[in-house]
Amino acid sequence: MKAVCWYGKYDVRVENVPDPKILNPRDAIIRVTSTAICGSDLHLYDGVIPTMEKGDILGHEFMGEVVEVGSGVKNLKVGDRVVVPFTIACGRCFFCNRKLWSLCDNSNPNASMAAAAYGHSGSALFGYSHMFGGYAGGQAQYVRVPYADVGPFKVPDGLTDDQVLFLSDILPTGYMAAENCDIQPGDTVAVWGCGPVGQFAIQSAWWFGAERVIAIDHVPRRLAMARDYGKAEILNFDEVDIAERLIDMTGGLGPDRCIDAVGMEAHGHSADAIYDRVKQAMMLTTDRIHVLRQAIYCCRKGGTVSVPGVYGGVIEKMPFGSSFGKGLKLAMGQTHVHRYMQPLLEKIRGNGHPGFDPTYIITHRCR
Amino acid sequence: MRSLPGSQVDTAGSVHFKPLGKDRGTVVKVSLKYDPPGGKVGAAIAWLFGKGVEQQLDDDLRRFKSVMETGESPTIQGQSRGH
Chain U
349 MKAVCWYGKY DVRVENVPDP KILNPRDAII RVTSTAICGS DLHLYDGVIP TMEKGDILGH
409 EFMGEVVEVG SGVKNLKVGD RVVVPFTIAC GRCFFCNRKL WSLCDNSNPN ASMAAAAYGH
469 SGSALFGYSH MFGGYAGGQA QYVRVPYADV GPFKVPDGLT DDQVLFLSDI LPTGYMAAEN
529 CDIQPGDTVA VWGCGPVGQF AIQSAWWFGA ERVIAIDHVP RRLAMARDYG KAEILNFDEV
589 DIAERLIDMT GGLGPDRCID AVGMEAHGHS ADAIYDRVKQ AMMLTTDRIH VLRQAIYCCR
649 KGGTVSVPGV YGGVIEKMPF GSSFGKGLKL AMGQTHVHRY MQPLLEKIRG NGHPGFDPTY
709 IITHRCR
Chain Y
533 MRSLPGSQVD TAGSVHFKPL GKDRGTVVKV SLKYDPPGGK VGAAIAWLFG KGVEQQLDDD
593 LRRFKSVMET GESPTIQGQS RGH
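Residue numbers (our numbering), protein chains in the order written: chain U, 349 to 715; chain Y, 533 to 615.
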């Protein structure tokens with residue numbers, strides 16, 4: 349089959365590779381009908397995520413048709429159309445039982461490597477380096493999906509791939525970011541980053557009852573999308589001082605809830621080498637938490653900073669004094685995708701009302 | 533338990549299972565005593581050897597937990613990749 353493979357910094361290639369096989373009884377093989385590129389894929393492309401190996405297949409946002417099931421999978425059959433969460437969850441551990449799917453104890457075969465870096469390992473991810481399991485990803489014609497009785501989400505007829513593909517990652521991610529804010533009536537929510545996650549965080553902020561949503565970026569097309577589809581007030585950080593404008597726009601209070609949908613590569617990034625020799629190999633990042641810092645600084649006292657943006661390593665100059673002094677709540681983490689797929693499908697379907705159409709997010713297509 | 537006579541490394545130890553109650557599972561505690569190979573030279577680098585044994589034990593216990601909880605051990609051996 350053909351697959352998008354990583355070979356180094358700025359070096360990805362479409363290669364002919366072996367078709368995937370069932371390796372464990374709870375596996376299934378999916379024929380991919382649609383797949384997307386995530387903002388976090390850029391960290392892989394930019395060569396700043398450690399523990400990648402040449403030939404690794406990329407991609408963690410995908411959907412398609414079941415073509416084979418392992419002997420342990422009873423709830424899926426060949427021909428089923430499914431969207432697959434990017435986080436791999438076993439469905440049976442302490443964390444999966446509490447619906448903390450992205451913190452699964454069992455899915456990462458390299459859990460001891462991640463635990464050396466982080467204290468404990470979260471779940472494995474598709475196509476996102478060996479520290480997170482090294483699983484072959486979904487920018488390919490076929491994918492092997494482990495714990496296929498837990499992850500793959502069956503999609504009803506009558507919805508196109510475009511409408512449901514984003515249930516795999518970015519729509520739940522934006523949604524969970526807004527949910528983590530604990531938005532109260534009257535709240536102003538500021539969203540840094542108008543990429544796909546930011547766009548869906550903006551939409552989700554309205555769903556959770558925000559009074560105002562302010563979107564921050566510097567790419568004109570992204571700001572226009574946030575304004576036209578997201579109905580957000582927009583700020584271009586190349587043109588205005590964000591801190592000043594946010595204070596001004598909120599009568600001196602600051603936004604009640606701040607969402608960092610940018611993550612570790614706010615202006616590029618420095619990597620932490622986290623493989624086996626963790627304590628020696630960790631490098632301190634410098635000045636890459638610009639957005640996180642600004643969100644903390646700008647947030648009103650007693651507010652919430654919600655971080656769906658991906659961070660990998662150790663940071664410097666974290667304004668923890670500000671966080672403490674203002675009594676902020678910080679909420680963060682990889683998305684518990686499995687939790688949100690059904691409720692978000694309902695929003696897309698509409699159930700008698702006009703459904704939510706996420707397809708505005710699509711700007712480019714490749715075949 | 534102890535290792536069989538003629539093993540490369542003599543080991544002895546125990547495994548204890550203790551339920552945690554309140555839906556929190558079972559703790560598995562492994563206690564392992566071993567004589568590192570290589571006599572005096574072996575003893576000098578025994579701490580390094582010990583790190584290896586601890587890592588091996590850690591990996592084995594993770595695999596055991598996976599098999600007990602999920603019925604299988606997570607793997608990517610044999611998966612598709614580019615060359």
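What the hints contain is simulated information worked out from the structure, not anything from laboratory work. You may find that some hints are simply not true.
[What the hints assert, rightly or not] In silico lysine-lysine, BS3-like type, Cα no more than 25 Å apart, as pairs:
1. U:Lys369 x U:Lys402
2. U:Lys447 x Y:Lys597
3. Y:Lys565 x Y:Lys550
4. U:Lys422 x Y:Lys597
5. Y:Lys565 x U:Lys447
Lys422 (chain U) and Lys597 (chain Y): Cα distance at most 25 Å? holds, 23 Å
Holds or violated: Lys565 (chain Y) to Lys447 (chain U), with C-alpha atoms at most 25 Å apart: violated, 39 Å
Check the hint pairing Lys447 (chain U) with Lys597 (chain Y) against an upper bound of 25 Å on the C-alpha distance. holds, 19 Å
Lys369 (chain U) paired with Lys402 (chain U) [C-alpha distance capped at 25 Å]: Given pair Lys369 (chain U), Lys402 (chain U) holds - Cα atoms ~20 Å apart, limit 25 Å.
Given the proposed pairing of Lys565 (chain Y) with Lys550 (chain Y), does the C-alpha separation stay at or below 25 Å? holds, 21 Å
Violation of the numbered hints given earlier is confined to hint 5; every other hint is satisfied by the structure.
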